[in-house]
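Undergrad: Residue numbers (my numbering), protein chains in the order written: chain A, 4 to 110; chain B, 4 to 110.
Any given hint could turn out to be false.
The list cannot tell twin chains apart, which means a pair is met if one copy fits it or any two copies do.
[Said to hold, decoys possible] Here are the simulated DSBU-like cross-link-like pairs (lysine-lysine), alpha carbons at most 30 Å apart as the crow flies:
| no. | residue 1 | residue 2 |
| --- | --- | --- |
| 1 | LYS22 | LYS61 |
| 2 | LYS108 | LYS12 |
| 3 | LYS61 | LYS103 |
| 4 | LYS12 | LYS29 |
Hints listed in this document are in silico derivations from the structure and should not be mistaken for laboratory results.
Protein chains: 2
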Amino acid sequence: MRKSNAAIKRCKTMSTLQKILGGKWKLEILYYIGVEDVHRFGALRRHLVEITESSLTKQLRELEADGFLHRHDFHEVPPHVEYTLTELGESFLSVLHYMKAWGEKNL
Amino acid sequence: MRKSNAAIKRCKTMSTLQKILGGKWKLEILYYIGVEDVHRFGALRRHLVEITESSLTKQLRELEADGFLHRHDFHEVPPHVEYTLTELGESFLSVLHYMKAWGEKNL
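One chain only, chain A, in its complex shape:
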């Protein structure tokens, strides 16, 4: 039975997930940092071949603001910054693994 329009409200959880993950590179950035242990800006950029520097910077900042990434500045010269998953980001890895397994089977 279809639900009436009145009965369906915007699902807040899905809306939040969409906002966090909707970026053009978010899933892949989390995957490379969390699963493939790629922690530095330049290395991430090399993996995400088509990404621009400004786009990667923006997406990393958003993931940091959303609590998924931690940015650690070693205060070295030349600059040395590493990105790692926060506790929230680590817990999201289960979703990435589930999604990847589905993709390997179905795509």
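The hints should help you fit chain B onto chain A, whose structure is shown.
TA: Coordinates of chain B only, in the frame set by chain A:
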């Protein structure tokens, strides 16, 4: 132990998933069609409050092209078109449910 750069290749599955799901509304569109039984353009637009007509049209076409959605035109006047999940789209529901459960617990 960190993997060397040479050892890490772009993960094709993650890259494909990113391309399919990276749109600003893809997850929510699949959720409303597949989980909340919202099948018509106007109803989808009302649920995704901020989406424009052209953006919804584009995202629906992409999801159809990627094999997740089926577009059924009833050839009626006034026009009556419904969107439903394909078999591939139905199988993706397990990922959406897993992701939503994670979000409800962690976000």
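Undergrad: Hints first: check each against the structure and report whether it holds.
TA: Status of each hint after checking the structure:
no., hint, verdict
1, LYS22 / LYS61, "both (14 Å within a copy, 18 Å between copies)"
2, LYS108 / LYS12, "between (33 Å within a copy, 19 Å between copies)"
3, LYS61 / LYS103, "both (24 Å within a copy, 25 Å between copies)"
4, LYS12 / LYS29, "both (26 Å within a copy, 18 Å between copies)"
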